Amino acid sequence: MHPAYKTPVNLAISPSGDRLYVVCESSDSVVVVDLERNRPIGEIAVGRRPNDATLHPDGRRLYVTNRLSNSVTVIDTAKGKQTAEVSVGAEPHGVLVGPQGRRLFVLNTGQNSISVLDTKRLVETTRLAAGAGPWSLALHPDGESICVTSARPDPAPFREPHQSELTVVAPGPERVIRRPGVAEANMMQGVAFVPGENVALFTLMRTKNLVPMTRVAQGWVITNGLGLLWPDGRVDQVLLDRPAAAFADPNDVAVSPDGKRALVTSGGTDQVAVIDVPALLALVRESSDRRRAELLPNHQGTSDRFVVRRVPVGRNPRGAIFSPDGRFAYVANALSDTVTVLDATNFAVLAEIPLGGPEALTEVRRGERLFHSAGITYAQQFSCHSCHPDGHTNGLTFDIEADGLGLSLVDNRTLRGILDTAPFKWEGTNPSLKRQCGARLAVFFTRLDPYTPEELNALHRYISSIERPPNPNRAPEGLTPAQRRGKMIFERTTTRDGKPIVSSYKGSSVGLQACTTCHRGPYGTTRTQVAVGTDMWFDTAGPDFSKYDLQDDDPLGRLGLVYYSQRPRDLMQLDVPHLNNIYNSPPYLHNGAALTLEEIWTRFNLYDWHGVTNDLTRQEFNDLIAYLKAL
Numbered sequence: 001m002h003p004a005y006k007t008p009v010n011l012a013i014s015p016s017g018d019r020l021y022v023v024c025e026s027s028d029s030v031v032v033v034d035l036e037r038n039r040p041i042g043e044i045a046v047g048r049r050p051n052d053a054t055l056h057p058d059g060r061r062l063y064v065t066n067r068l069s070n071s072v073t074v075i076d077t078a079k080g081k082q083t084a085e086v087s088v089g090a091e092p093h094g095v096l097v098g099p100q101g102r103r104l105f106v107l108n109t110g111q112n113s114i115s116v117l118d119t120k121r122l123v124e125t126t127r128l129a130a131g132a133g134p135w136s137l138a139l140h141p142d143g144e145s146i147c148v149t150s151a152r153p154d155p156a157p158f159r160e161p162h163q164s165e166l167t168v169v170a171p172g173p174e175r176v177i178r179r180p181g182v183a184e185a186n187m188m189q190g191v192a193f194v195p196g197e198n199v200a201l202f203t204l205m206r207t208k209n210l211v212p213m214t215r216v217a218q219g220w221v222i223t224n225g226l227g228l229l230w231p232d233g234r235v236d237q238v239l240l241d242r243p244a245a246a247f248a249d250p251n252d253v254a255v256s257p258d259g260k261r262a263l264v265t266s267g268g269t270d271q272v273a274v275i276d277v278p279a280l281l282a283l284v285r286e287s288s289d290r291r292r293a294e295l296l297p298n299h300q301g302t303s304d305r306f307v308v309r310r311v312p313v314g315r316n317p318r319g320a321i322f323s324p325d326g327r328f329a330y331v332a333n334a335l336s337d338t339v340t341v342l343d344a345t346n347f348a349v350l351a352e353i354p355l356g357g358p359e360a361l362t363e364v365r366r367g368e369r370l371f372h373s374a375g376i377t378y379a380q381q382f383s384c385h386s387c388h389p390d391g392h393t394n395g396l397t398f399d400i401e402a403d404g405l406g407l408s409l410v411d412n413r414t415l416r417g418i419l420d421t422a423p424f425k426w427e428g429t430n431p432s433l434k435r436q437c438g439a440r441l442a443v444f445f446t447r448l449d450p451y452t453p454e455e456l457n458a459l460h461r462y463i464s465s466i467e468r469p470p471n472p473n474r475a476p477e478g479l480t481p482a483q484r485r486g487k488m489i490f491e492r493t494t495t496r497d498g499k500p501i502v503s504s505y506k507g508s509s510v511g512l513q514a515c516t517t518c519h520r521g522p523y524g525t526t527r528t529q530v531a532v533g534t535d536m537w538f539d540t541a542g543p544d545f546s547k548y549d550l551q552d553d554d555p556l557g558r559l560g561l562v563y564y565s566q567r568p569r570d571l572m573q574l575d576v577p578h579l580n581n582i583y584n585s586p587p588y589l590h591n592g593a594a595l596t597l598e599e600i601w602t603r604f605n606l607y608d609w610h611g612v613t614n615d616l617t618r619q620e621f622n623d624l625i626a627y628l629k630a631l
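According to this note's numbering, the stretch in the sequence shown is residues 1 to 631, in order.
Hints were generated in silico from the structure; no laboratory data involved. Quick caveat: nothing in here was measured; it's all calculated off a predicted structure. Ideal placement from N, C-alpha and C gives every residue a C-beta, glycine not left out. Hints should not be assumed to be uniformly reliable.
Unchecked claim - Just the calculated beta-carbon pair ranges, DEER-fashion:
(1) GLU294 x VAL176: 56 to 66 Å
(2) LEU448 x THR83: 44 to 54 Å
(3) ALA360 x ALA482: 43 to 53 Å
(4) THR602 x GLY196: 47 to 57 Å
(5) GLU352 x ALA442: 26 to 36 Å
With the hints as constraints, model all of the structure from the sequences given.
Dropping the structure here:
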């Protein structure tokens, strides 16, 4: 990522409405904009990859989360200078000051938690458990609760529909009071309350990951919409898509001070949708329970009832905010390095404020634009970012046509730090990222013309540049005693009874294998394909199960038992994944059957073909897991 670019991702506005604070991810800074003249007047350095900002109610302090510094920067707005930097959890995203200004709530996206800080002493007083990948948060108009969104779904039974969690927090004393589930939704990001209605609106995607990826033309791969959280905890969903005109990657939602209009940004289509909030609420309220449960979450023909218009803005719009008086709205265009100014009466574009990024387009920047654009997909349904937020993973498994309909489900792997970890795909059949993202992507995913060679080069350069966050489980001073013991187990060459563990894989051999047989070197991978005995009946490369009734739970079990065989030719060869930051990429195995690291060995390693673990004590096994989480 070129350091000269700004990449504005979120916004905060002063109580008087004369200053806009623009969080710029690539430049590690906050740009201060004079809204009377619509031009930048200053820039303040913060931590690495800032993500969100919030102002203290008195307007004198600005708090900024730094995703790759695991910290919050405190800024004196009068002096325009940093006054403190406070450590929090891993990959902090959303941040919010509580109703009396005494507490700061920080979402630790990499650790599924919420840090609560005392704003005077700048110390963490409480840490609360959140959903998977907490992303953004909003304060109830009466100050009685805080609604937190989650980008990834909670762990779900294998081959079952997923569900994501909203976390509702009482601001004092700080505690979780409710965890409403949002069925079949993921990538819940922006959230805002509607004044006077006590209803929260939040962005979401509905990813049909268990449906074979053949229905792109019908709009049934990923649909994009809004969720509504009512005071009684009920959740509704509506779509923002139209037939053949999707609204990919809804990133943020902002509601006007009078509660009449809302803005939703679409990072994949470079638009914002203007929502008639009373019409939206009326549509949901007048619908029957069945219509609310089955039709509204799936129907692409209802958005005309409440979407007033779509407004083209800059490249990859992310954060949005209204002015305190409700006269203007502002949109951060991440990949244009600009802020769009809208007239909040008719939502005409009044100005586009440049933030100082270079006009020249590097190859990496061009690749970043391609990564975040849904223009490559039929009807603009999704982008690369849709499944890889922050270059990571959405935590789902997918049914891809090339591997057989209903067969060979594949876990979605992270893109962070994958340079020099070829080959790709779980079968290891793609020798390069260019092969992975080339014609195959067009045929089985996007259903449009593939990237041109120049575009493919740019996309490859960008994906290769995606950074890996620091691992919070590894202290600067080194491994803990438990992690050191786990390292010894990981590197051992004999079993408890002295039997040698195979130290190299010979391709056709199947037997006891050491962890370091496949996972060694700086990336923790030998970049080869190995059979580890985790085949299941629905893996097309596995054995013939035609004699079984696969709808019958008795012979194979509901999961589809792992296929154990002493014949090497029956076993599936799988790519050896790298282990860096493996703690933060559930589910696991090639098909996502293991919901936790522990389940890889407690459920799917009967014969020790995936590393020797069955002779370990509980303490030794826990030490091994502690070491893996520190990699």
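Outcome of the hint check:
1. GLU294 x VAL176: 56 to 66 Å: Between GLU294 and VAL176, where Cβ atoms are some 30 Å apart, the hint is violated.
2. LEU448 x THR83: 44 to 54 Å: This hint holds: roughly 50 Å between Cβ atoms.
3. ALA360 x ALA482: 43 to 53 Å: 50 Å, holds
4. THR602 x GLY196: 47 to 57 Å: 51 Å, holds
5. GLU352 x ALA442: 26 to 36 Å: 33 Å, holds
Going through the hint list in order, the structure does not satisfy hint 1, though it satisfies all others.
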